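Colleague: Whole structure, please, built from the sequences with the hints as guidance.
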Amino acid sequence: EDQVTQSPEALRLQEGESSSLNCSYTVSGLRGLFWYRQDPGKGPEFLFTLYSAGEEKEKERLKATLTKKESFLHITAPKPEDSATYLCAVQASNDYKLSFGAGTTVTVRA
Amino acid sequence: GAGVSQSPRYKVAKRGQDVALRCDPISGHVSLFWYQQALGQGPEFLTYFQNEAQLDKSGLPSDRFFAERPEGSVSTLKIQRTQQEDSAVYLCASSLWRQETQYFGPGTRLLVL
Chain A
1 EDQVTQSPEA LRLQEGESSS LNCSYTVSGL RGLFWYRQDP GKGPEFLFTL YSAGEEKEKE
61 RLKATLTKKE SFLHITAPKP EDSATYLCAV QASNDYKLSF GAGTTVTVRA
Chain B
1001 GAGVSQSPRY KVAKRGQDVA LRCDPISGHV SLFWYQQALG QGPEFLTYFQ NEAQLDKSGL
1061 PSDRFFAERP EGSVSTLKIQ RTQQEDSAVY LCASSLWRQE TQYFGPGTRL LVL
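The listed protein sequences correspond, in order, to chains A and B. Position one of the first sequence corresponds to residue 1 (the numbering used here), numbered consecutively onward. Position one of the second sequence corresponds to residue 1001 (the numbering used here), numbered consecutively onward.
Derived from the structure by calculation, the hints contain no laboratory data. The structure presented is a predicted model; accordingly, all values stated were derived computationally and were not measured. Careful, some of the hints might be misleading.
Output of the computed footprint for chain B on chain A, the stretches with three or more beta carbons under 8 Å from beta carbons of chain B [as the list claims (entries may be wrong)]:
id	segment
1	40 to 52
2	80 to 92
3	99 to 110
Built from N, CA and C at the ideal position, the CB exists for glycine as well.
Modeller: Structure below.
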């Protein structure tokens, strides 16, 4: 069974204070690892897909990286509008459904 | 273009009542998924449609849950005889094909009293 563990559960940052979120996973053959952002009362919003170890993707202040066992989401010089819950999910190579972690709730104070 | 839409956004039901939740996927998306999200948790898979065919319903928690997509577009998730443990956010997602990126709707927040 696919498993995804995210840490920390919550992260409080000062504006401009860079940090990283961790997503550890076990899956029987990884097809893709997905990062989503979820604001309160809304559905998950797609950010990135990573397919193989060593791959990196960037979007504004966010950068996602992937190894064979984990993924990191780096937030560089965050702003209050980066406050959200960040969800990590894996999709196995022989499957279509996403298996999600519980998320990391990031709060950025001005 | 338009994203995935869901209705209603909020639903309050009395225990034992039947409810129906609607999902309008992105136009042209073949694959449609339903997920259930409990408070403070990540979404959990319920069921998967490819066009009008329900290919996987392994995540449906009981036989009180039923989903359909009769014309391969709009989908309805029905919960019969609702129980308090059914209270959650129900998310619909669609993708171009089965392993492509899934785009989520805003969800329906169901509260069973």
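Colleague: Now tell me, hint by hint, if it's right for this structure.
Modeller: Going down the list of hints, with the structure as the test:
Beta-carbon proximity to chain B at under 8 Å applies to 7 residues in the segment 40 to 52 of chain A; the threshold of 3 is reached and the given coverage holds. Counting residues of the segment 80 to 92 of chain A whose beta carbon lies closer than 8 Å to any beta carbon of chain B gives 3, which meets the minimum of three for the stated coverage. Against chain B, the segment 99 to 110 of chain A contributes 5 residues with a C-beta closer than 8 Å to a partner C-beta. That satisfies the three-residue criterion, and the hint holds.
Consistency with the previously given hints is maintained throughout, with no hint failing.
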